[in-house]
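Student: As a plain string of letters, each chain reads:
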Amino acid sequence: MRADRLVLGAFLALLLLVPAILSPYYVTLLNYIGLYAMVALGLVLLTGVGGLTSFGQAAFVGLGAYTTAALTTATDLPAWLAWAGTSPWLTLVVGLLLTAVVAVLIGSLTLKLSGHFLPLGTIAWGISLYFLFGTMESLGGHTGISGIPAIGLLGWTLDEGGEIYYLIWAFLLVAMLTTHNLLDSREGRAIRALKGGRIMAEAMGVDTSRSRMVIFVIAALLACASGWLYAHMQRFVNPTPFGVHIGIEYLFMAVVGGAGYVWGAIVGAGVITVLKQWLQNWLPSLLGATGSFETIVFGLLMVLVLHRAREGLWPILKKLVPVRAVRKTIDADAEPLPRRTLPKAGELILEAKDVTRRFGGLIANNNMSLEVRAGEILALIGPNGAGKSTMFNQISGVDTPTSGEVRFLGKPVAGHDSREIARMGMSRTFQHVRLLPTMSVLENVAIGAHLRSDKGVLSSAWRLDRAEEARILKEAARQIERVGLAEHMYEEAGSLALGQQRILEIARALCADPCLLLLDEPAAGLRLKEKEALGELLRKLRSEGMATLIVEHDMDFVMSLVDRVVVMEFGQKIAEGLPDEIQQNPAVLEAYLGGVE
Amino acid sequence: MKLRNTLLAALGLAFAATTAQAEIKVGVVLSATGPAASLGIPEKNTISLLPTTIGGEKVSYIVLDDASDTTTAVKNARKLTVEDGVDVIIGSTTSPASLAMVDVAAETKTPMISMAASARIVAPMDDKKRWVFKTPQNDQQMASAIIGHMSANNVKRVSFIGFANAYGEGWYEQFKKLAEAKGIEVAASERFNPADTSVTGQALKLMSVKPDAVFIAGSGTPSALPQKTLRERGYKGPIYQTHGVANNDFLRICGKDCEGTLLPVGPVQMARSLPDSHPVKASALAYVEKYEAANGAGSVSSFGAYAWDAGVLLEAAVPSALKTVKPGSAEFRAALRDALEGVKEVAGATGIYSMSAEDHLGLDDRSRVMIEIRNGTWSLLK
Amino acid sequence: MDMSIALILSQDGITNGAIYALLALALVLVFAVTRVIFIQQGEFVAYGALTLAMMQSGVLPATVWMLVVMGALVTALDGGLALKAGQGRRAAGVAGWNLGYPLALAAALGGLAVDELPLAVQVLLTLAIVVPMGPMMYRLMYQPIASAPVLVLLIVSVALHIAMVGLGLLFFGAEGQRTPAFSEFSLELGPLMVSAQTLWVLVVSALLIVGLYQFFGRTLYGKALRATAINRVGAQLMGISPTLAGKLTFFLAAFIGALSGVLIAPITTIYYDTGFLIGLKGFVAAIIGGLASYPLAAVGALAVGLLEAFASFWASAYKEVIVFTLIIPVLLWRSLTSHHVEEEE
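Protein chains in written order, with numbering that gives the first Met the number 0: chain S, 0 to 596; chain D, 0 to 381; chain B, 0 to 344.
Possibly wrong hints are sitting among the right ones.
[Stated by the list, open to error] Covered, in the sense of this in silico footprint (three residues per stretch, anywhere, with C-beta under 8 Å from a C-beta of chain D), are these stretches of chain B:
| no. | segment |
| --- | --- |
| 1 | 34-45 |
| 2 | 68-74 |
| 3 | 169-176 |
| 4 | 197-211 |
[What the hints assert, rightly or not] Away from chain S, derived, C-beta distances all over 10 Å, residues of chain B:
| no. | residue |
| --- | --- |
| 5 | GLN55 |
| 6 | TRP96 |
| 7 | ALA158 |
| 8 | ALA162 |
| 9 | ARG225 |
| 10 | GLU319 |
| 11 | THR324 |
| 12 | LEU331 |
| 13 | ARG333 |
Derived by calculation from the structure, the hints in this document are not laboratory data.
Here a beta-carbon is modelled for each residue, glycine too, at the ideal position from N, C-alpha and C.
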């Protein structure tokens, strides 16, 4: 537990001493590494964690650099802006504000892009901004702006490499700490769900569009800060360092370092910067000639690295450092999260009336009606292709009926997105398990409590959310114990057996404190013992007043558990009643046994 | 075996470089790759022709490529000054990179000789630019030659097309200023990227204002595309280019479409045809012969000459700096700077350099001549 | 702007668009089958054009040595595997194709006075050098990580792009090249002057598109590629080797790239680093087609070509800004109308 602190401490001490030990040139290199790492860190968040590939970060670096360059060198600023040119610290504020505004504008356009459209969108605005820098005469055109002043700090002027070094690395370390904190929080779990888990996250009440915007803006701000430092270190800006080629190089650094890891940013920036330097120093004397050999060897080396380390270099390096992930501790004294008041047993919770859903000429659901009451378990069964999943989608609000209506707690479901429905108290599992395989079971379940807590990005980043976080984790742990996965709490969710993953989904749904539980084939893949335990749990929930709707194939499981059964075939309800009645119903028997597939 | 020997030799060389006694170290930053590679490569080829002893001291050169990127140029300049402790920097190829390196030169108090065109590199003179010199003619000097020719030939309306980069931009600024002073109207101003595969749109726009002449400000073979397109579209009037195109590749690519093209060049391009009385003929010819012996007949270009002239300046300045101090010290660098500033009437391949405290270029009108492409080759205009 | 200017710009835009369309098709194909975003597509264009130009100036193109080296590496890898498995004949076959062929080609080129050969033969030789690099590149660079995430494959492409541009500078130098036109006549249609080379570009592009269409619709290999594109695992279960599909795709992509290079070399000047911008425009078109639809990608390519031509007339300094800014609404529209499943890998 203390080992990681030691390693970190040693690392920080080393950083502090660098200007004293290393030659000034290596300090210069470290300055560049720090600047690059800051941009790469944004990409770790955006691309590695959030799954949004951006080629355009260099343009945001340019925005930061150009804002400060233009303001601090201008001699004839309009009166209302004159205050900004007086100190680089003020231009940093202006730059960050400007970048935030631009990022929100660009983001609100391009983040709507899905799949492969997004990376191209980032190339598009990356190139546009780059050429704008070059064509605007007030920004020095292609030739650039020189004479940018050095940064002053508490009476010092940071005009030498060894001085600005401390500022750059302080910025970077703060950025890393903030990012690290952010990822380890309620908002962070929402962000980590963006890559491959958006549908699930939305169903748990996460506003994923907002989360995408959040990381987009954070990445842009990091790039902007890097640009600000760059301008005052270099004292000169022109468009070439902010082109798409460089934007691609930042992505390159993040991926080579390890796009999924905060430390990957430093590793990637460091390896690429130092490697280029070494190649430049050594290749000419090795080959006896200078030329384009550096780029050739560099490109091929990078391919080799990626062949050997797809996840980037950090996961490999991490094994060499005596640091293991710290287990989360569950604070038993944390105050429980607030609970909703469950409706009284017997109260009508869910009501579907004459639901019909057509896809073109195909009628998937025809005049389906059903209702679920508090303290009751209803099963929806039927042979393959009967339209159960379509019905499930109508109820959970994923799809909208062609005619008819679904009402939840008396309010129509149609017209509400998954988030609002989740907020109203409906919580679901998925037929095809949707969880985040590399996250621990505990954190997967904690996503369920998203709507029961409200700490935002800033409080997460600065650790003002710990009390609430403890409450969330305690609740998640409680649900995990309840479903019987306590011994797997700290394992990666992806390492569980399929049946256990389904149980995890139930714990996650429970973590949302719902009054209606929608379970899509919860028993599939479970062993007998596990099924019995699941049945036990569902009975207990029923006794607490929970309303449950189960879509299930496993007849034994259903018949011994539920209160009522609705049977579907060819999109229609063919029977409804108590389990015993259904088992005797001739139409049902015909559907299950007689029908030729 | 062979590889091993090479490796050992390389290691030996590396050690030799670090352990040798007092020698003059020259750091070179140039754009051997990236968009400015066609400028940087002749410069790189020239560096190996520069003198290896000056004033009895050995001279060693460390050449670094900045990939046409300012960040890398500055990084390299820092390495050369801080790590290698060079006595002087030559570089870089492009104006933005040179401008960015000015701060490093001033901070480390190392004299620097730029090979880029923009006048902004050495003017207006200030505390930083004290350390910076340059060898290429200013855009303004070259532009005035073109403007002179235009007004002599009754050109009243000109269409301008230039690279969408610092090169095209520098030319446009100077050209427009001088043209307007002479009463010549710049009726259309277009841009193109060196890598563009088509400039039809720009060409049509240039022609649509019915100009008396078209001026193309680009360097190397990319400059041929607008000219070919203009001719293809039926433009018959005179076309002016800059000295940036003066190499054989341009003639080869442009072919018959470039007959009659007018451009100003440094004397180096025309060294053989200059009258013997021309003050730069001998010094230019010396470079041309040396370069072509190493790289093939007709391979010479103005850009290599800028690197050569950096060597010429050093050859002129180093001996006087050596009188007082040994190389490898701050005092030597300061003495070298002073000596460079004191260079008078030194003939290089580009022109005659006479520096002063205010003028760190020191070239005059002897540094350019107007020429025409005739019968597929360069010929002097009378 | 009058009618004749608009017509000339349209012609220019369509000619460029035709090349972008070819590249877009190749990009779509490569992505659909292998999930690789083939950034080096543009480098194949440059290599094709510059190899031809080198031959015409009577120099042995250095690309042939690159082919020999790549072939040797493939031989070492695959031949070694085959030998280990005791399959001597297979090892010999591998060595023959990957080492024997490049060496024979190099010997033939060295023995011939290449600059005196007819243009058609030079073009064929160019393709014979450049195209096999496609499948070899797949074997060496992508096959070992065929199952990696798209992002990693993309970054490998970027790294290879960097290396290939470096090699291009080494082989061909920094100055551009232009080759003579295939034939010298030109057609006058009102204000338009259509050169033979423009017709060549349009006709060959159209033929190639039709040819590819036939290939995918009619031939076994074509169908196998389509199957792989639709469902990789399924196709594998049906006995279609993903390795073969990958190599075949890269063969086609390299062929399209090199041929495009040969086609446009007489119209414009090609540099060692021309590839990136051309490839990028092709990429734009491919994305407009959702990296899946061939006809939409072709339409997108023509649109990009036209947009570029008109933008360079209206405001040449802002040409790229205009082209790339206008792409964003198109992307938005495509993004909202194209059906897609969010939960990617």
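Student: Confirm or reject each hint.
Tutor: Hints, one by one, checked against the model:
no. : hint    : result
1   : 34-45   : violated (count 0)
2   : 68-74   : violated (count 0)
3   : 169-176 : holds (count 5)
4   : 197-211 : violated (count 0)
5   : GLN55   : 23 Å, holds
6   : TRP96   : 23 Å, holds
7   : ALA158  : 4 Å, violated
8   : ALA162  : 3 Å, violated
9   : ARG225  : 19 Å, holds
10  : GLU319  : 5 Å, violated
11  : THR324  : 5 Å, violated
12  : LEU331  : 6 Å, violated
13  : ARG333  : 6 Å, violated
Consistency with the previously given hints fails for numbers 1, 2, 4, 7, 8, 10, 11, 12, 13, ordered from lowest to highest.
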